[in-house]
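Residues per chain, in single letters:
Protein chains: 2
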Amino acid sequence: MQIDIQFQPFPPNPSLHPDRVVVVIDVLRATSVMVHAMSQGALEIIPVATVEEAFQRAQVFLRDAILLGGERKSEKIPGFDLGNSPREYIAEKVKGKRLILTTTNGTKAFHLVSSESDILVGSFFNMGAIAQRCLEVNKDILIFPSGDEGNFSLEDTICGGMLIELLTKKRESPITLTDASQCAQILYQRFKANLLEAFHLSYHGKELVRRGFGEDLVTCAQIDMTEIVPEFKDGVIRVSQTQKAGCRVQNAE
Amino acid sequence: MQIDIQFQPFPPNPSLHPDRVVVVIDVLRATSVMVHAMSQGALEIIPVATVEEAFQRAQVFLRDAILLGGERKSEKIPGFDLGNSPREYIAEKVKGKRLILTTTNGTKAFHLVSSESDILVGSFFNMGAIAQRCLEVNKDILIFPSGDEGNFSLEDTICGGMLIELLTKKRESPITLTDASQCAQILYQRFKANLLEAFHLSYHGKELVRRGFGEDLVTCAQIDMTEIVPEFKDGVIRVSQTQKAGCRVQNAE
Chain A
245 MQIDIQFQPF
255 PPNPSLHPDR
265 VVVVIDVLRA
275 TSVMVHAMSQ
285 GALEIIPVAT
295 VEEAFQRAQV
305 FLRDAILLGG
315 ERKSEKIPGF
325 DLGNSPREYI
335 AEKVKGKRLI
345 LTTTNGTKAF
355 HLVSSESDIL
365 VGSFFNMGAI
375 AQRCLEVNKD
385 ILIFPSGDEG
395 NFSLEDTICG
405 GMLIELLTKK
415 RESPITLTDA
425 SQCAQILYQR
435 FKANLLEAFH
445 LSYHGKELVR
455 RGFGEDLVTC
465 AQIDMTEIVP
475 EFKDGVIRVS
485 QTQKAGCRVQ
495 NAE
Chain B
245 MQIDIQFQPF
255 PPNPSLHPDR
265 VVVVIDVLRA
275 TSVMVHAMSQ
285 GALEIIPVAT
295 VEEAFQRAQV
305 FLRDAILLGG
315 ERKSEKIPGF
325 DLGNSPREYI
335 AEKVKGKRLI
345 LTTTNGTKAF
355 HLVSSESDIL
365 VGSFFNMGAI
375 AQRCLEVNKD
385 ILIFPSGDEG
395 NFSLEDTICG
405 GMLIELLTKK
415 RESPITLTDA
425 SQCAQILYQR
435 FKANLLEAFH
445 LSYHGKELVR
455 RGFGEDLVTC
465 AQIDMTEIVP
475 EFKDGVIRVS
485 QTQKAGCRVQ
495 NAE
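Sequences listed follow chains A and B, in order. Just so you know, we're using our numbering here: the first sequence kicks off at 245 and counts up by one. Just so you know, we're using our numbering here: the second sequence kicks off at 245 and counts up by one.
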């Protein structure tokens, strides 16, 4: 098993690795929203790249059956039902609903990797479950941080580093780490006792605090809140029927 | 002052930062060779992308006045005078000579950044001097690791992290670090007491050991051997006349 991590979000080359698992991560906040929403009983999530596409896709469904969610410049989009705070995506709102989501980095990342075969949705909320799934599937892994408008993201890389740390500790046979995945593991080791410290050092974390979303940093730093492993396939994120709903994240207060 | 580091070698966008210093790093081994050769009195270095170009450029000069150096798959190129071990580039061979150099990653990196205005050549041999120059110039900095055939390079990033560490400690006014440059600094802090450990963990370090160049790892881990700050301008690497020649690296034995 080889684990690689791609630090900048451009389309990877699946022909080089036809049979691997890709784990998409956007801790602040898209994949945290997705994992939490699915754990709260959302039916499915359709990640789209643009606001226009979100409204367009919504027209196909009954208005009551869907929710429009996401952000631009961290803020809720005019005409949308929900913003991009995981705490908004609770069972009372999302259970049984189809979500159409568009965010600056996270939802675009799914389109960059869409030609891959196995695509999982990861955040600190479910990284233990992702590691367990990766052990069962036993394929090479590409961790795909969504980045920050094309740039390296500290918090996403640390989250990827948590997956690497869990796998190197749990797997009995050896794992090959690239230079990049060694780097991610070292970053995780540096911050694992205080993920919030890392969030507050990161560019995007500072931006969220500046815009009044500091509470979301506390929320998104919670680890292993759910056993849910959402999968992205044919443009839609779903959870297999055998998986149970998880716990709701704690309020940050 | 902002310090950024670009983890993968693709052309940066100088129009976004028209006035900054770029520091190119290929610790194993191209920029270590360059810094050492210049400290040993080489007249200038012409980095070229291909072997064919090296032979072509050589035709312009008297054969005695030039040396062809570099590697493919870590080995000396047939018909070349020197390989890619810094220890080969000693005064007895290089003093007063013009070098034409081609390597897998390092010399290509110079062509990727060639539209930038201030381009410095860095390695562990001269990172203290590079830091001093950056403090004097007082511009934004882009650290440009040459990478490993397009991939993230652990050893180059750690060397960039040393520059960040030196500048954040020496500069009195604050420095803005991107997520990527914070990552590089953390990697340097993790390995600064044992750079060789990092080299032996890195993909390229392992490759060099496998091919019999393990001694070069010991050589390239030596810090602050010279005050030389080579500059790349108009396709040529030179050292300004005011700089003195530095020390020769120690033998690894």
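Keep in mind the hints are simulated off the structure, nothing from the lab. Since we're looking at a predicted model, the values are computed, not measured. Errors might be hidden in some of the hints.
Note that identical chains are pooled: a pair holds if it fits in a single copy or bridges any two copies.
As the list claims (entries may be wrong) - No farther apart than 27 angstroms at their CA atoms in a straight line, the calculated lysine-lysine pairs in the DSSO-like style are these:
no., residue 1, residue 2
1, 450, 477
2, 320, 436
3, 317, 383
4, 413, 436
5, 450, 383
6, 337, 383
7, 413, 339
8, 317, 337
9, 413, 450
10, 383, 320
11, 339, 383
12, 317, 414
13, 436, 339
14, 450, 414
15, 337, 413
16, 320, 339
17, 436, 337
18, 450, 339
19, 413, 477
20, 320, 413
21, 337, 320
22, 477, 436
23, 337, 414
For each hint, the structure was consulted:
In this assembly of identical chains, the alpha carbons of residue 450 and residue 477 never lie at most 27 angstroms apart, being 33 angstroms within a copy and 38 angstroms across copies at closest. Proximity of residue 320 and residue 436 under a CA criterion of 27 angstroms is satisfied in neither setting, with 30 angstroms inside one chain copy and 44 angstroms between copies. In this assembly of identical chains, residue 317 and residue 383 lie within 27 angstroms of each other by CA distance neither inside one copy nor across copies; the values are 36 angstroms within and 29 angstroms between. In this assembly of identical chains, residue 413 and residue 436 lie within 27 angstroms of each other by CA distance both inside one copy and across copies; the values are 15 angstroms within and 25 angstroms between.
When the C-alpha separation of residue 450 and residue 383 is checked against a cutoff of 27 angstroms, the pair qualifies only between copies, where the shortest distance is 24 angstroms, while the shortest distance within a copy is 36 angstroms. Taking the shortest alpha-carbon separations for residue 337 and residue 383, neither the intra-copy value of 36 angstroms nor the inter-copy value of 51 angstroms comes in at or below 27 angstroms. Proximity of residue 413 to residue 339 under the C-alpha cut-off of 27 angstroms is found in neither arrangement, the shortest distances being 36 angstroms within a copy and 52 angstroms between copies. For the identical chains of this complex, residue 317 and residue 337 are intra-copy neighbours only, at 23 angstroms inside a copy versus 58 angstroms across copies, given an alpha-carbon limit of 27 angstroms.
Only between protomers do residue 413 and residue 450 lie at most 27 angstroms apart by alpha-carbon distance; the minimum there is 23 angstroms, versus 32 angstroms within a single protomer. Within a single copy, residue 383 and residue 320 get their C-alpha atoms no closer than 38 angstroms, and across copies no closer than 37 angstroms, so neither meets the 27 angstroms cut-off. Taking the closest pair of Cα atoms, residue 339 and residue 383 never come within 27 angstroms of each other, the shortest separation being 32 angstroms inside a single copy and 53 angstroms across copies. In the homo-oligomer, the alpha carbons of residue 317 and residue 414 never lie at most 27 angstroms apart, since the shortest distance is 39 angstroms inside one protomer and 35 angstroms across protomers.
In this homomeric assembly, residue 436 and residue 339 never come within 27 angstroms of each other (Cα to Cα): the closest approach is 32 angstroms inside a single copy and 51 angstroms across copies. For a Cα distance limit of 27 angstroms, the shortest separation of residue 450 from residue 414 across copies, 25 angstroms, qualifies, whereas the shortest one inside one copy, 34 angstroms, does not. For a Cα distance limit of 27 angstroms, the shortest separation of residue 337 from residue 413 qualifies neither inside one copy, at 38 angstroms, nor across copies, at 50 angstroms. Taking the closest pair of Cα atoms, residue 320 and residue 339 come within 27 angstroms of each other only inside a single copy of the chain (20 angstroms); across copies the shortest separation is 65 angstroms, beyond that limit.
Taking the closest pair of Cα atoms, residue 436 and residue 337 never come within 27 angstroms of each other, the shortest separation being 32 angstroms inside a single copy and 51 angstroms across copies. Within a single copy, residue 450 and residue 339 get their C-alpha atoms no closer than 32 angstroms, and across copies no closer than 51 angstroms, so neither meets the 27 angstroms cut-off. Neither within a single protomer nor between protomers do residue 413 and residue 477 lie at most 27 angstroms apart by alpha-carbon distance, with minima of 29 angstroms and 48 angstroms respectively. Taking the closest pair of Cα atoms, residue 320 and residue 413 never come within 27 angstroms of each other, the shortest separation being 40 angstroms inside a single copy and 40 angstroms across copies.
In this assembly of identical chains, the alpha carbons of residue 337 and residue 320 lie at most 27 angstroms apart only when taken from the same copy (16 angstroms versus 66 angstroms across copies). For a Cα distance limit of 27 angstroms, the shortest separation of residue 477 from residue 436 qualifies neither inside one copy, at 31 angstroms, nor across copies, at 44 angstroms. For the homomeric pair residue 337 and residue 414, neither the shortest alpha-carbon distance inside one copy (37 angstroms) nor that between copies (53 angstroms) is at most 27 angstroms.
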